[in-house]
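In case you want the letters, here they are:
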Amino acid sequence: MGGLFDRDLWSEVFSTLSKNITRTLLTTLGVIFAIIILLLLLGATTGMKNGFDKIFAGTATNSMFVWTQRTSMPYKGFEKGRDIDFSLDDLELIKREVKEIDVIAPRIQLGNFRSTTTVFRNGQNSGSSVYGDFPEIDQISKKRIVEGRFLNQNDLDEFKKVCVIGQDTYKLLFKKDEDPIGKYIQINGVYFTVIGVYKKPKNINFDGENAVFVPFSTFQKAFNSGNEVGWFAISVKPDKQVAPALNKIKKLLKAKYKIHPKDPRAIGSFDFSQIFTGISVFTITLQGFSFFVGIFTLLAGIISVSNILLITVKERTKEIGIRRALGATPKIIKRQIILESIVLTTVAGLLGFVLSVGVLLYIDYEYAGKGDAPFENPMINFTQLIVTFILMIGLSVLIGMIPAKRAVKIKPIEALREE
Amino acid sequence: MLEIKNLHKSYPIGDSSLHVLKGIDLSVKEGEMVAIMGSSGSGKSTLLNIIGMLDEADSGQYILDELQIKNLTEKKAAVYRNKFLGFIFQSFNLISYKNAIENVALPLYYQGMKRKERQELALFHLEKVGLANWSDHLPKELSGGQKQRVAIARALAANPKLLLADEPTGALDTKTSYEIMEFIQQLNDEGKTILMVTHEEDIANMCKRIVRLRDGVIMEDKKVTQVRAAQYV
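Residue numbers (numbering that gives the first Met the number 0), protein chains in the order written: chain A, 0 to 418; chain B, 0 to 232.
Hint data in this document are derived by calculation from the structure and do not stem from the laboratory.
Accuracy of the hints is not assured; some may be wrong.
To be verified - The following label-pair restraints were derived from C-beta to C-beta distances:
hint, chain 1, residue 1, chain 2, residue 2, range
1, B, Val216, A, Ile310, 22 to 30 Å
2, A, Phe291, B, Phe123, 56 to 64 Å
3, A, Leu354, B, Leu66, 54 to 62 Å
4, A, Ile389, B, Ser26, 53 to 61 Å
5, A, Thr316, B, Phe123, 29 to 37 Å
6, A, Ile392, B, Asp188, 50 to 58 Å
7, A, Tyr364, B, Tyr96, 39 to 47 Å
8, B, Glu140, A, Ile392, 35 to 43 Å
9, A, Lys410, B, Asp188, 33 to 41 Å
10, B, Met218, A, Asp5, 45 to 53 Å
11, B, Leu66, A, Ile389, 39 to 47 Å
12, A, Lys410, B, Lys28, 24 to 32 Å
13, A, Thr316, B, Lys174, 31 to 39 Å
We treat Cβ as the ideally placed atom computed from N, Cα and C, and that holds for glycine.
When you get a sec, could you build the whole thing from the sequences and use the hints?
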């Protein structure tokens, strides 16, 4: 007996199975459906996950905002209701003290909710928001530059009066098809050269499309904002959590600005990772649930294979008796039945796999990316596939034991008894 | 080559038990051709099953080719059956979805013989029973006599020491029965030891020795002048 790779062993199995094609196919139907259900569920969940991922693509999932508000508690001789303003010096302090930080970009907004801003060209006011920015902001909130480029360090170093404008701003200030690059716009009376136009990506993003970005240093000079910082956009390193970093930063800044450590209002913040965590938990739960449902459906399918094999064994009592009389050991009989179980299940699994991938491709082609539903590229990944197949084959071996045991119990003498 | 001493066997029936073999002594030498006769219930099939290692005696001795046959595991019994014994059944017992040559090759497969050798040897034995041209036919495409000849080829394939035939002509008409008997006689002429259960006198007389069983004991054990089947064919 040449082990598992013996050609005869397999030809024995296949000749037995092909003896009754209809029954073999009917047997496998349960497993085929189970695999289809399992893979479709997994694929749909993946599609949903991809859909959500696409919505949030472009915003670092591990980012946060920190801004100032008014104090709500008196502390160290200061009354409550004091205005706090961050300063650019905080940048170095935070960078130095909070090691979790990957990118930190201070921003300042013109007007800052206090006075009006005018963005003006050819007699048109676009009413855009104007931000003083560091180039790093692009790493936290990715923009699709459609023309020109985004701000760079050089612009800041040389206090260049340049700006990047949103597509809405462009539409308001320029004629259709007019090339904006190199043209001037007026911001609160100061002229800036347009160096780039961005388009809002098709996802959640915290900058609108009607906005103008100028170098932070130029902003300071042009609008006399001194060292003031409106807020910090911060992302943490990939292996770090947002919440602890945020706490550290708040503690640091509260100490610096003499804010009561328990003051909940003085420093405002927004933790983006919380949204993503919520959605990840949702999709992971859904995936787990899909797997759970699918595995039990698969189990039911494999049990039906086992059942049919059990019937087959009964029908084949005589044949098994003959084989035993001719010298087949119990082990050989057992192995053959288990192999039949494995082969039936695997063939069914492959059929189910092909069918469900076909269905997923069709769904992807027909529905994905259309409409507002978060559904994108529904597919199963390699790991899911391998896990499914290992589980399937493992289960088929286990379940195949039942008919195999039954087959071994057949005594040749009883099987061969003449009627 | 076969030595049986004081063999007993009983089967439980409800609370009581049925004593089927009540002390059988039988000795068969190499090259013999023995018919075991008896009415149904005489214990002849039980005796053949024990000799065929398909069943085990309760007590007594069974020695086959100087090998004590006792307390065999299922695996060992399977190996011994394969190595020492060739079975011929009344209803042929061919595997229906395997063609003639595959059926003949099956005991060789269980011996672990390579496919090519197996096919060659199986074809050789099919040729011997005159069915080389039918090697790729399924049992249902063969006549009763042809099926039995395939079964004989299968029994011979592993070159066993002892051929056990359980009513080999029971399912055949007289003419075909004599053809099969002629063939079995030829095998015996070539030196094969043959043990055959039958209840037909004419078939028994084609053997060289007749053992008669009644109620689990040997009533008569005599040598007979062999009637050659060839004269009827």
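### Message
Name the hints, by number, that the structure is in violation of.
### Response
1
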